[in-house]
Amino acid sequence: MMQTALQVLDREYLEARCALLELAAALDRIDRAHDHEGGTGDLNDSRLELLNQAIRTLSEESHLPNRSERLLLLFSDLG
Amino acid sequence: MQIIQPHYHAIARTAQDYERMAMSGVVAVAEPAFWAGFDRLYPETFIDYFHQISEFEPTRAAEYGIKHYCWVAVNPKEAENPKLSHEVIKHMPEFYKKPTVLGVGEIGFHKTTKNEEEIFEAQVEQAIKYDQLILIHTPHLQDKVRGTKRTLEVLSHMNVNPERVWIDHVEEHTIREPLEAGYWVGFTLYPITKCSPKRAVDMLEMYGHERILVNSSADWGPSDPFTLQQCVVQFRARGYSVQDAIEIFHNNPARFLGQNPKFDIKPIQLEAIEENVPV
Ligand SMILES: [Zn+2]
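Here the protein sequences come in this chain order: A and B.
Take the position in the first sequence, starting the count at 1, then add 737; the result is the number in the working numbering.
Take the position in the second sequence, starting the count at 1, then add 3; the result is the number in the working numbering.
Do not take every clue at face value.
Unchecked claim - Have a look at the derived ranges for each label pair, beta carbon to beta carbon:
#1 B:Pro225 to A:Met739: 48 to 58 Å
#2 A:Pro802 to B:Glu175: 25 to 35 Å
#3 A:Leu743 to B:Asp146: 37 to 47 Å
To be verified - Computed list of lysine to aspartate or glutamate pairs in DMTMM-like fashion (alpha-carbon distance at most 25 Å, straight line):
#4 B:Lys80 to B:Glu22
#5 B:Lys93 to B:Asp146
#6 B:Lys114 to A:Glu749
#7 B:Lys114 to B:Glu124
#8 B:Lys201 to A:Asp765
#9 B:Lys147 to A:Asp747
#10 B:Lys147 to A:Glu759
#11 B:Lys114 to B:Glu97
#12 B:Lys70 to B:Glu180
#13 B:Lys201 to A:Glu797
#14 B:Lys80 to A:Asp747
#15 B:Lys201 to A:Glu759
Unchecked claim - Away from chain B, derived, C-beta distances all over 12 Å, residues of chain A:
#16 Arg754
#17 Arg766
#18 Arg769
#19 Leu787
#20 Ala791
#21 Ser805
#22 Leu809
Since the hints were derived computationally from the structure, they do not count as laboratory data.
A virtual CB, placed ideally from N, CA and C, is assigned to each residue, including glycine.
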């Protein structure tokens, strides 16, 4: 028997919350190090851009399915 | 490296944990009185529990060369029953005379109710009267901010010395106020629901090393005593010295708990030559 959506949410809520917090903390950590070394403006790195794009994908296209597949494609070298 | 695990619910853990902690450098644990997973019905059940943590656990830990200390209290979840709580509180002073009891804890809020507040105040008053250290639990998840604010409000009207009070389970959104008010704060490393080793090191970088304790609060729930060692590794991996790590994971608990003379593990200082040796 497949679980109901609410049952899945019950199981997943805290883990998803934790993953978001870890992500927020990691981004803060990068910013702090950048500030500490006297960096001005945003840190330019293509990986950071990919992370930001992934976050945008999750929020702006949150209604669409296959989120994990789309993120993996985003992080893939398709050339 | 020597470590003190300042918040550990040993009765919920196995002897194997003691053995593995000993192998990873843990020299002492302190066990606050907490919820058993169900609400106890009789004052005597608490008294027996206090005997267990103040008499039996030290002998079990000693087999592995670990010193075991404890705290007595009515925890926040069971403080919802004032009649029972007052009955238990009456018996707590008998335990302050025991050689390994360090103070009153963990007390504080779970749902931040009136009953919890009454019992919290009664226990703080008793701690002041008997000159005991105080350990305060702050609520989980969405109740944490409200409970922490109320804790600080209640304490501000009482005659406590903030240096003898440890406010535990703080996270990024609750650390500032207690620290600025002069209290000790604790990070609890927990899988999923509390602080993670990495976030703890972030806060150490942001707020410095003073008056901060780190613990893994291992208990009967999904928890792991070794998140504390993970935090040490994470801290060292970011380039801090062994002595810096000792300051946080050994000397700070020795300083706070050592305010009670029964806790006789002193801060340690490595010889300069030994710095930069890997963990
Ligand atoms: Zn606890």
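Verification of the supplied hints:
Between proline 225 of chain B and methionine 739 of chain A the beta carbon distance is about 25 Å. The supplied range of 48 to 58 Å is therefore violated. Distance hint for proline 802 of chain A and glutamate 175 of chain B: a CB-CB separation of about 33 Å, consistent with the stated range 25 to 35 Å. For the hinted restraint 37 to 47 Å between leucine 743 of chain A and aspartate 146 of chain B, the CB-CB distance of approximately 22 Å leaves it violated. Pair hint lysine 80 of chain B plus glutamate 22 of chain B does not hold up; C-alpha atoms about 31 Å apart against a cutoff of 25 Å.
About 29 Å separates the Cα atoms of lysine 93 of chain B and aspartate 146 of chain B, which puts this hinted pair outside 25 Å; it is violated. Between lysine 114 of chain B and glutamate 749 of chain A the alpha-carbon distance is near 23 Å, which keeps this suggested pair within the 25 Å criterion. Annotation: proposed proximity of lysine 114 of chain B to glutamate 124 of chain B holds, straight-line Cα distance about 15 Å (limit 25 Å). With a C-alpha separation of about 12 Å, the suggested pairing of lysine 201 of chain B with aspartate 765 of chain A holds against the 25 Å cut-off.
For the proposed pair lysine 147 of chain B and aspartate 747 of chain A, the alpha carbon gap of about 20 Å is at most 25 Å, so the pair holds. Restraint check for lysine 147 of chain B and glutamate 759 of chain A: satisfied, since their Cα atoms lie roughly 18 Å apart, inside the 25 Å limit. Between lysine 114 of chain B and glutamate 97 of chain B the CA atoms are separated by roughly 29 Å; this puts the pair beyond 25 Å, and the hint is violated. This hinted pair does not check out: lysine 70 of chain B and glutamate 180 of chain B have alpha carbons roughly 32 Å apart, beyond 25 Å.
Proximity of lysine 201 of chain B to glutamate 797 of chain A is assessed by CA-CA distance (about 29 Å); at most 25 Å being required, the pair is judged violated. Distance check on the hinted pair: lysine 80 of chain B and aspartate 747 of chain A sit about 22 Å apart at the alpha-carbon level, within 25 Å; holds. In summary, the hint linking lysine 201 of chain B to glutamate 759 of chain A is supported, as the alpha carbons are separated by about 8 Å, within the 25 Å threshold. Not every beta carbon of chain B lies more than 12 Å from that of arginine 754 of chain A, the smallest distance being close to 8 Å; the non-interface claim is violated.
Listed as outside the interface, arginine 766 of chain A is inconsistent with that label: its C-beta sits roughly 6 Å from the nearest C-beta of chain B, within the 12 Å cut-off. Against chain B, the non-interface label of arginine 769 of chain A is violated: not every CB pair exceeds 12 Å, the least being about 7 Å. For leucine 787 of chain A, the non-interface assignment is confirmed: its Cβ lies about 21 Å from the closest Cβ of chain B, beyond the 12 Å cut-off. No beta-carbon of chain B comes within 12 Å of the beta-carbon of alanine 791 of chain A; the shortest separation is about 20 Å.
Every CB of chain B lies more than 12 Å from the CB of serine 805 of chain A, the least distance being 20 Å, so the non-interface label holds. For leucine 809 of chain A, the condition that its CB be more than 12 Å from all CB atoms of chain B holds, with the nearest at approximately 24 Å.
The structure fails to meet hints 1, 3, 4, 5, 11, 12, 13, 16, 17, 18 from the earlier list, while all remaining hints are met.
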